[in-house]
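Visitor: On the provided structure of chain A, position chain B as indicated by the hints.
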Amino acid sequence: MKDEAVTREDRVASLKGMGCSRKRVEDARFTQGKGNYVDDIKLDGMLFGDFVRSPYAHAKITNIDTSAAMEVPGVLAVLTAADLAPLGLHWMPTLAGDKQMVLADGKVLFQGQEVAFVVAEDRYAAADGIEAVEVEYEELPVIVDPFEALQSDVVLRPDTVGEDGSPADGAHGPRKHHNHIFTWECGDKDPTEQVISNAEVVAEESMYYHRTHPCPLETCGCVASMDKVNGKLTLWGTFQAPHAIRTVVSLISGIEEHNIRVISPDIGGGFGNKVGAYPGYVCSVVASIVTGKPVKWIEDRMDNLMTTAFARDYWMKGRISATKDGKITGLHCHVTADHGGFDACADPTKFPAGFMNICTGSYDIPTAFLEVDGVYTNKAPGGVSYRCSFRVTEAVYFIERMIEVLAIELDMDASELRKINFIKKEQFPYKAALGWEYDSGDYHTAWDKAMKAVDYDGLRAEQKQRIEDFKAGKTRKLLGIGLTHFTEIVGAGPVKNCDILGLGMFDSCEIRIHPTGSAIARLGTISQGQGHATTFAQILASEIGLPADSITIEEGDTDTAPYGLGTYGSRSTPVAGAATAMAGRKIRAKAQMIAAYLLEVHDDDVEFDVDRFVVKGAPEKFKTMKEIAFAAYNQAIPGVEPGLEAVSYYDPPNMTYPFGAYVCVMEIDVDTGVTDIRQFYALDDCGTRINPMIIEGQIHGGLTEALAVALGQEIAYDDMGNVKTGTLMDFFLPTAWEVPNYETDHTVTPSPHHPIGAKGVGESPHVGGVPCFSNAVHDAFRAFGLRQTNMPHDHWRIWRTANELGLHD
Amino acid sequence: MIPASFEYHRPKDMAGVLSILEEHGDDARVMAGGHSLIPMMKLRMADVPHLIDLQDVGGLAGITVGDTITIGAMVTQSDIILHDALADAAPILREASLQIADPQVRYMGTVGGNVANGDPGNDMPGLMQCLDATFTVVGPNGERKIPAREFYEAAYMTGREDDEVMTAVSFAKPAGGHAYEKQKRKIGDYATAAAAVQIVKDGGTCASASIAMTNLSDTPVYSAAAGDALVGTSVDGDAIKAAVSAMLNDIDPVEDNRGPVAFKRHVAGVILARAIERAWARA
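Going down the list, the sequences are from chains A and B.
According to my numbering, the residues represented by the first sequence are 1 to 809, in order.
According to my numbering, the residues represented by the second sequence are 1001 to 1283, in order.
Extracted from the complex, chain B is given alone in its bound form:
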């Protein structure tokens, strides 16, 4: 559990980060909280001759709350939990963050690291797809924005180029009711299945619904069909069944120590139904 030797860089600004990335290419990786990268290096599954620590780079740790909410890439899960204005504006973030790992990890783990790494087990990617967030990356050619729903290509493969750095996520202040429902084996575990749901109610019917699932494919799964199945309904048992059924068409879980595929599909359905019920009750 000892990584191969590496150079540690701690630039003071983004220009410094980008120049190291340019100089070392594939041999360099940026690190935010380090909770994905460091274990991979210790297991010698990731070979990173040049590690660039973003801690000292300014301007990445802010949270702004308005009609648009912007969260800097270096904002930790703990920061999110403690930010009352954010919790008022987008309560699903606090609800989801409290279900990530444990307090010690949440002090270190960042939003940027969580969404940028492309680990299908991470909770934030699905959450950001549910919120229809936009990721901002910066690279040698300047800044670029990528929709969260188009960012994930495969496990650890994303729309971010190797020489680009994630700087922020932003999304419109969500409306309606929310729920983040997660089943896990224990504290600190990735989800067996997790569902992020935002629902807007108009009178007695569902005006819009956004649904994304976590750790049930090699990428997070935004299920437009599942959301559509709720729109225009009173979100009764049949509508929830239809949404679950649509979601099950979009996921593709694999067997692991959490259980076989049939179990995961069943639990995904149960978790989503519960999330919808909870979000609807709050809408």
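Here chain A stands alone, though its shape is the one from the complex:
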């Protein structure tokens, strides 16, 4: 035998397949500054474009004078809406079915809005050109409050008013008011009202999930290059969905799709900020067509924070009903969603409020109703981003706060209340009141493990003592114990109910095995730091029996990669990961025929074993996948085509539902409002675990972003619509200094419908982390009468809470 001394375990280990904490293959490049980001792309004769942006949040534009700018040395062109209008490109469709101005068409709707695009020989000349463009504004009344917007006579968007003066229908049905975008209803309205009005106990609360921003390290940008000789447009950019961008560019520009090549090079973090289409892309393409030269556009940090896809801005009002002993009977949720000047969310078409209807959370709630009203204001557009597309973060925050409020109403321990109401293991697949079918879960096991790990009873005893000490004047610090059990909904998704602008949300993988037993696989997704080149190779290694180190993963070039909807919403593993496994299985099926031929037995007489096919009952007779690969190309096999390739397009039968149990222990100085996180425990169940080390990294990153959002990060506006947090001085981006130690843990409840049982994990820590940090703050003050105080829980807001509760008296 060739490798007698090698055990089966050795063979498994050498593949570095699923379950292995394989080191990230990307990091050798990234940690040495050898990445290739969009701003690293430099082409001969490349020009640089940048925007004149509005200093006003709402104003009429009476004149734009570009003549002085054209005199600035190095400035070649200044585009305005008037230049784009003949091409029909002064407005563009958003992914939410709305439309958005590319360049200000007669008015501006938010501070920082794109007014003119200056094209120059370098970015310095462009910056000087911007200074020289003279724009005359006539200020209009500014609305930054969505409730005021729904009462106001001020019309933000003239296109929302019909010919008869009444509100015109929007993309998702009739408008209630000219500043209203849509109403989305889900669940049983009347039965829910009935259950709540007849309930023994009802808790009611309003909460605001503030506006924030994912602030990826790399801002958004692109390079557009129109080759007028062959008619081909190449567009490099920070695109989380390169194929969707190609299709959208084709639809709005009229350039045939085969003449467009979209390339996402390395991307420095996305978090949903890089899903949508931005005016910079359109202007760069137009400028390249006009000048015949490549044109680069790169945002600076302020541009990114002030104008590209924000997150949240959800005003949520809830009522939750229960029996006296804590069994939840009904849930009602109303949301007023502030979308800013344009509805530029990236929601599936049928879900204008994303998957907010996951807001019954981890609990068996028999009756529920959700209503969301989308509203225009004078703020930047966006709305779906930040490690949770599709509003799952909002939904989980809502239900995890409502549970805490109900616990207060019932005078019950918040852990106990959760345990009473968790969906039980045997109830899966579980049909939720708002329509989703949860695939699998074991919440009680996860919760009990978490409570035991942190010694929950001990913590509560310590807290009780602390409260006594505080009241006795022995300490000025309170102890908060934040709890969260979240259920996510990811992996969008089944084409039957998920599309964006009509593009079905399947994903894809194409594999080519090389004759010497290595391989390349291309996917429709695109990594922005998630480590796809590492993990997808591991899936394949386990599926096809070739070492992960011998498999190249390539993404992001629409000329070579199969069509897919990209990477966001924790969809890559649930959808493209499934496609990868399925394509691998096609490879394996063909390999089986080849192996049988080589071993001179029937196809059914061989079986797959780690890295080879063996003759059943005769393990000494085998052909390794490496041998099979060589034979596939170099041996004439009757009835079998040469080569070893496969492609799979995967349309998932259902979403996946990762879950987790988090605990945060926080010390709060009531005199200064300073918080200190003493312990953070995160148990995640993302089904089958492909690379535990990468999962842990994802959790650490997501928790850190959650900490930021909960404790200080916001995009704040003043009454005039000025962004108050447009730089990193005021926008809180945590550093190692602010980050606590995280304890990670897990249970494994595979998805029953996913080929490898994996569920996705990228968003979980953010979705679960934000309510956990927030609940810790609330819990610290619960004994003093606090029910709800809105995030971000920065020093002065915590101080205000303490002050209002009389703790400074």
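Keep in mind the hints are simulated off the structure, nothing from the lab.
One should not assume that every hint holds.
[Unchecked claim] Covered stretches of chain B, going by a simulated chain A footprint (3 or more residues, C-beta under 8 Å):
id : region
1  : 1001-1010
2  : 1252-1259
[Said to hold, decoys possible] The calculated lysine to any residue pairs, modelled on SDA-like cross-linking and capped at a C-alpha distance of 25 Å, are:
id : chain 1 : residue 1 : chain 2 : residue 2
3  : A       : K42       : B       : M1001
4  : A       : K724      : B       : P1039
5  : A       : K42       : B       : A1004
6  : A       : K60       : A       : P167
7  : A       : K626      : A       : P638
8  : A       : K99       : A       : K42
9  : B       : K1042     : A       : D300
10 : A       : K350      : A       : P734
11 : A       : K60       : A       : G170
12 : A       : K477      : B       : D1236
13 : B       : K1186     : B       : D1236
14 : B       : K1042     : A       : P734
Quick reminder that beta carbons are idealized off the backbone N, C-alpha and C, glycines included.
Guide: What follows is chain B alone, placed relative to chain A:
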């Protein structure tokens, strides 16, 4: 975030600096570490057609420690942290410097730039007022000394003339206990409130106390009354309350993203009380 075009000057000596300043007047600014000026230029809030880099000017980067301590204007916060003799003689400097920004900034940020710019958020001005330091500036008419406690007029307005360059700060070796207490939202942030305290103890009573506050007015606030409230007391709870109360009469914070005025006043009091307690314990 791209500045308007400017001429970059890098003279070899102070005479060169002064002659460029004389030639270009208001159009010229000197730059030490650049951590205040460069961001202002990038935001196009400062228009500096002639930027004079002081890096190559000799004689500005020394630290001498004796009964009088002198720190050159080009000494970085990192230099201060790493200077053991200075830390022994005036430990409040290291304690304060470690609370300024982050290590990368501290490698570049200088004492001179920090005190000369007149930014109310900077930590060194209040610290220098606490230490009763003297600033040395040099201009076309030669050298001039200005007490730190008289230097600051308003935000970015100081006793330094446009054609003068800050060259050094000096102060008597401090006695007694010290504390620099700072509350900030995050690393790299300016203070929500900060207090610099030096206290001399004689037996069980306070012989002298010097107190200065940072980022609670448009200038640093040296509160003589707060210090006086401690002198002659045993620095007990009542004395600290009196000092805090005196300090609150001297500050005038404004609302910003760090919080409203009431919060800042409350935190200023808490921070000062903690600083006094810590300094007293070390005195």
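Visitor: If a hint holds in the structure, say so; if it doesn't, say that too.
Guide: Each hint, compared with the structure:
no.	hint	result
1	1001-1010	holds (count 4)
2	1252-1259	holds (count 3)
3	A:K42 to B:M1001	holds (20 Å)
4	A:K724 to B:P1039	holds (17 Å)
5	A:K42 to B:A1004	holds (24 Å)
6	A:K60 to A:P167	holds (21 Å)
7	A:K626 to A:P638	holds (20 Å)
8	A:K99 to A:K42	violated (32 Å)
9	B:K1042 to A:D300	holds (11 Å)
10	A:K350 to A:P734	violated (36 Å)
11	A:K60 to A:G170	holds (23 Å)
12	A:K477 to B:D1236	holds (22 Å)
13	B:K1186 to B:D1236	violated (32 Å)
14	B:K1042 to A:P734	holds (24 Å)
Consistency with the previously given hints fails for numbers 8, 10 and 13, ordered from lowest to highest.
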